Amino acid sequence: MFIWLILVLAGAFYMAFVLGGNDAANAMATSVGSKAINYRQAVIIAAVANLIGALLVGGHVTHTIGKGIVTLEPFLKNAKLFILGMFASLIAAGIWVQIATHFGMPVSTTHSIVGAVMGFGIFAGGGKYIYWMKFLKIVASWIISPFLGGVLAFLIFYFIKKVILDAENPILRTKGWGPFLSSLVFFIIMLSVIYKGLKLKVPLFQSILISLSFAFFGYIITWSFLRARKRRDGVYMQVEKLFAILQILTATYMGFAHGANDVANAIGPAAGVWSIIKGGLSAKESAVPIWLLGIGGIGLAIGTALFGYKVIKTVGEEVTEITPTRGFAAEFGAATTVLIFSKLGLPISTTHTVVGAVIGIGFARGISTLNLGIIKNILLSWLFTVPFSAGYRA
Amino acid sequence: MRIPILRLFRKSPFKPLRVHMEKSLETLSHLKPMFENLAQGNFEKVEEIAETIYKLEHECDKIKDGIRDNLPKTLLMPFARSDFLGLVHEQDEIPDKVEDIAVLLTLKKLKMPEELKAEFFEFLERVESTVEQAVKIVQEMDRVLESSFSKKEIEGVQKLIDELEQREWKTDKKACKVAKILLNLENEVSPVEIYMWMNIIRELSALADHAESMGKNIRLMIAKV
Numbered sequence: 001m002f003i004w005l006i007l008v009l010a011g012a013f014y015m016a017f018v019l020g021g022n023d024a025a026n027a028m029a030t031s032v033g034s035k036a037i038n039y040r041q042a043v044i045i046a047a048v049a050n051l052i053g054a055l056l057v058g059g060h061v062t063h064t065i066g067k068g069i070v071t072l073e074p075f076l077k078n079a080k081l082f083i084l085g086m087f088a089s090l091i092a093a094g095i096w097v098q099i100a101t102h103f104g105m106p107v108s109t110t111h112s113i114v115g116a117v118m119g120f121g122i123f124a125g126g127g128k129y130i131y132w133m134k135f136l137k138i139v140a141s142w143i144i145s146p147f148l149g150g151v152l153a154f155l156i157f158y159f160i161k162k163v164i165l166d167a168e169n170p171i172l173r174t175k176g177w178g179p180f181l182s183s184l185v186f187f188i189i190m191l192s193v194i195y196k197g198l199k200l201k202v203p204l205f206q207s208i209l210i211s212l213s214f215a216f217f218g219y220i221i222t223w224s225f226l227r228a229r230k231r232r233d234g235v236y237m238q239v240e241k242l243f244a245i246l247q248i249l250t251a252t253y254m255g256f257a258h259g260a261n262d263v264a265n266a267i268g269p270a271a272g273v274w275s276i277i278k279g280g281l282s283a284k285e286s287a288v289p290i291w292l293l294g295i296g297g298i299g300l301a302i303g304t305a306l307f308g309y310k311v312i313k314t315v316g317e318e319v320t321e322i323t324p325t326r327g328f329a330a331e332f333g334a335a336t337t338v339l340i341f342s343k344l345g346l347p348i349s350t351t352h353t354v355v356g357a358v359i360g361i362g363f364a365r366g367i368s369t370l371n372l373g374i375i376k377n378i379l380l381s382w383l384f385t386v387p388f389s390a391g392y393r394a
Numbered sequence: 395m396r397i398p399i400l401r402l403f404r405k406s407p408f409k410p411l412r413v414h415m416e417k418s419l420e421t422l423s424h425l426k427p428m429f430e431n432l433a434q435g436n437f438e439k440v441e442e443i444a445e446t447i448y449k450l451e452h453e454c455d456k457i458k459d460g461i462r463d464n465l466p467k468t469l470l471m472p473f474a475r476s477d478f479l480g481l482v483h484e485q486d487e488i489p490d491k492v493e494d495i496a497v498l499l500t501l502k503k504l505k506m507p508e509e510l511k512a513e514f515f516e517f518l519e520r521v522e523s524t525v526e527q528a529v530k531i532v533q534e535m536d537r538v539l540e541s542s543f544s545k546k547e548i549e550g551v552q553k554l555i556d557e558l559e560q561r562e563w564k565t566d567k568k569a570c571k572v573a574k575i576l577l578n579l580e581n582e583v584s585p586v587e588i589y590m591w592m593n594i595i596r597e598l599s600a601l602a603d604h605a606e607s608m609g610k611n612i613r614l615m616i617a618k619v
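In the order they appear, the protein sequences are chains H and B. Take the first sequence: its position 127, counted from the start at 1, is 127 in the working numbering, and no numbers get skipped. Take the second sequence: its position 104, counted from the start at 1, is 498 in the working numbering, and no numbers get skipped.
Rather than coming from a laboratory, the hints here were simulated on the basis of the structure. Wrong hints could be hidden among the right ones.
No farther apart than 20 Å at their CA atoms in a straight line, the calculated lysine to aspartate or glutamate pairs in the DMTMM-like style are these [to be verified]:
1) K161/H - E73/H
2) K546/B - E318/H
3) K618/B - E318/H
4) K553/B - E317/H
5) K502/B - D556/B
6) K545/B - E317/H
7) K553/B - E318/H
8) K241/H - E445/B
9) K35/H - D556/B
10) K409/B - E318/H
11) K545/B - E318/H
12) K610/B - E513/B
13) K161/H - D536/B
14) K405/B - E509/B
15) K571/B - E597/B
16) K409/B - E168/H
17) K553/B - D603/B
18) K426/B - D536/B
19) K162/H - D603/B
20) K567/B - E540/B
21) K610/B - E441/B
22) K241/H - D494/B
23) K567/B - D556/B
24) K502/B - E438/B
25) K503/B - E445/B
26) K610/B - E508/B
27) K546/B - D233/H
Only a predicted model underlies this, so the values are computations on that prediction, with no experimental measurement involved.
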């Protein structure tokens with residue numbers, strides 16, 4: 001039994017590794033593309049924020065993938081089948097992502113792992129082992145998340161345009177509103193961590209109070225950073241340079257949200273296995289052990305540090321049509337969406353959400369050219385991923 | 395290494411448009427020396443400049459094709475694709491017209507009547523200033539895009555377009571004046587030469603017209619969605 005656990009953990013660690021190496025680049029794309037941070041800084045931010053996000057908020061989605069899709073009860077007497085199945089799910093998802101990536105389809109690791117776990121459930125016991133309601137919720141979240149990312153990004157960018165870019169003195173306005181925008185990020189991150197997070201049972205009202213004070217702290221810090229900046233470029237250039245400072249924050253936010261959601265793709269199956277091994281029906285309700293989240297988070301961080309830098313560097317060189325104001329709004333929209341779904345325990349694709357958010361900016365007339373052809377690819381990948389991973393697994 | 399998000403981003407078509415614009419301006423800059431050499435009866439030099447213009451016009455065409463090839467219908471742009479393509483088309487008419495004029499000047503060893511000189515060069519200057527205004531507007535589009543179409547920047551560009559229309563109107567008036575002088579020389583200048591000069595005047599006017607059309611396209615591009 002112990003050997004099997006090690007095997008699944010190794011598989012999980014490997015998956016986290018691959019995720020950190022590849023998906024982190026999509027999360028960091030608008031930061032390195034806007035030149036707000038260089039690729040080295042992006043790697044550090046992504047690795048650290050991924051780990052923290054995974055540790056603090058990663059439990060919800062992990063719980064879903066490990067124990068929320070396939071019922072654990074039937075496997076309590078046959079743990080070996082479950083362990084084998086989860087291990088195979090990891091492998092199947094990994095292979096599908098490799099194949100699809102090779103053909104240039106924007107396939108999501110999230111969709112693949114959910115599909116693979118589904119396939120295992122169906123293989124083991126037909127439809128009756130699957131929590132169909134949960135599965136439908138997950139599928140709905142895949143469709144909603146890019147839209148929500150787009151809408152949020154659109155609104156934030158519209159706000160930036162109205163209060164800053166349209167104003168008589170955009171630079172002054174940036175220095176005035178910038179700290180407010182950043183305090184919003186501080187507030188949401190803090191709230192997500194303490195409210196219904198960790199093992200602290202902090203009531204909503206108190207959570208909000210604590211988060212507000214944290215936000216105020218963020219406001220002061222940002223204000224002092226922005227205040228000092230004086231440059232001689234054109235007006236909009238200066239606004240962008242100020243937003244480049246703010247974008248360091250949203251890049252961290254993005255990494256945090258990414259870690260919170262995607263760590264589950266790697267360690268979700270392992271979390272299920274761990275519950276089975278510990279045994280008992282109560283296992284289904286128990287929290288995901290923090291050391292497991294730690295393994296996933298460290299895997300993500302190492303993957304990003306060792307392999308991610310190359311991908312992030314490429315993205316930074318290729319993506320040039322985005323500026324810090326646009327990047328800030330896109331990341332804010334995408335990260336908030338990913339974080340909301342993470343709290344709801346729904347595994348979504350960070351990449352698709354980022355794509356949705358960037359398109360939202362496009363609709364606000366913020367970017368000169370976007371290729372909407374990618375939407376067709378995303379739809380195709382939705383159609384194919386779950387059946388394929390499920391089928392391959394079976 | 396394939397990264398899905400890279401497929402989303404496209405290079406802005408304004409960069410190649412700017413390259414095209416600079417080449418077009420370079421083509422235009424050869425027009426004045428060409429007429430000066432013609433006035434001095436320096437036909438060899440005229441031929442030589444015409445060759446340079448042909449080459450530049452061809453380069454402009456290639457840039458234009460590149461812009462069109464990279465604008466699939468699936469693009470999301472902050473303005474209608476058709477308005478942008480219209481702008482590309484009108485801008486490409488600048489080197490085209492310059493080339494047409496160069497051809498006219500090499501068909502026959504034309505003499506520039508003394509009486510025409512002063513007014514004609516003034517006319518030429520007005521044509522140039524109209525095109526230069528159009529170019530300035532395209533350059534200002536950077537600020538419109540940077541500000542994500544802020545009201546202030548849009549109004550700024552609209553003013554520049556008004557000025558462009560003014561200049562085009564003045565160019566037209568000058569064209570009439572030059573044509574009148576030319577037609578009054580009917581006894582001194584041969585009908586063939588008058589015919590040739592009328593064509594030159596018409597082509598130069600067309601040059602200013604296309605510059606004005608560039609402004610019209612930009613007006614549509616920056617209009618409210």
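Hint check:
1. Proposed proximity of K161/H and E73/H is contradicted: the alpha carbons are some 54 Å apart, above 20 Å.
2. For the given pair, K546/B sits about 31 Å from E318/H by alpha-carbon distance, which is inconsistent with the 20 Å threshold.
3. About 31 Å separates the Cα atoms of K618/B and E318/H, which puts this hinted pair outside 20 Å; it is violated.
4. At most 20 Å may separate the alpha-carbon atoms for a hinted pair to count; K553/B and E317/H exceed this at roughly 37 Å.
5. Using a Cα cut-off of 20 Å, the hinted pair K502/B and D556/B is violated, with the two alpha carbons roughly 38 Å apart.
6. In summary, the hint linking K545/B to E317/H is not supported, as the alpha carbons are separated by about 32 Å, beyond the 20 Å threshold.
7. Restraint check for K553/B and E318/H: the C-alpha separation of about 36 Å exceeds 20 Å, so the hint is violated.
8. With a C-alpha separation of about 47 Å, the suggested pair K241/H and E445/B falls outside the 20 Å cut-off, and the hint is violated.
9. Our distance criterion of 20 Å between C-alpha atoms is broken by K35/H and D556/B, whose separation comes to about 37 Å.
10. For the hint pairing K409/B with E318/H, the CA-to-CA distance comes to about 15 Å; that is within 20 Å, so the pair holds.
11. Proximity of K545/B to E318/H is assessed by CA-CA distance (about 31 Å); at most 20 Å being required, the pair is judged violated.
12. Distance hint between K610/B and E513/B is unfulfilled; the C-alpha atoms sit about 28 Å from each other, more than 20 Å.
13. This hinted pair checks out: K161/H and D536/B have alpha carbons roughly 16 Å apart, not beyond 20 Å.
14. Annotation: proposed proximity of K405/B to E509/B is violated, straight-line Cα distance about 52 Å (limit 20 Å).
15. Of the supplied pair hints, the one linking K571/B and E597/B holds, its CA atoms being roughly 15 Å apart against a limit of 20 Å.
16. Taking the CA atoms of K409/B and E168/H, the gap is about 28 Å. The hint is violated against a cut of 20 Å.
17. Taking the CA atoms of K553/B and D603/B, the gap is about 18 Å. The hint holds against a cut of 20 Å.
18. As the CA atoms of K426/B and D536/B are separated by approximately 29 Å, the hinted pair breaks the 20 Å bound.
19. A hinted pair counts as satisfied when its Cα atoms are at most 20 Å apart, and K162/H with D603/B does not qualify at roughly 36 Å.
20. Between K567/B and E540/B the CA atoms are separated by roughly 37 Å; this puts the pair beyond 20 Å, and the hint is violated.
21. A distance of roughly 35 Å separates the Cα atoms of K610/B and E441/B; the hinted pair therefore is violated under the 20 Å criterion.
22. About 47 Å separates the Cα atoms of K241/H and D494/B, which puts this hinted pair outside 20 Å; it is violated.
23. Restraint check for K567/B and D556/B: satisfied, since their Cα atoms lie roughly 17 Å apart, inside the 20 Å limit.
24. Note on K502/B and E438/B: the hinted pairing holds, with a Cα-Cα distance of about 12 Å set against a maximum of 20 Å.
25. A C-alpha spacing of about 16 Å is found between K503/B and E445/B, which places the hinted pair at or below 20 Å, so the restraint holds.
26. Proximity of K610/B to E508/B is assessed by CA-CA distance (about 37 Å); at most 20 Å being required, the pair is judged violated.
27. Using a Cα cut-off of 20 Å, the hinted pair K546/B and D233/H holds, with the two alpha carbons roughly 19 Å apart.
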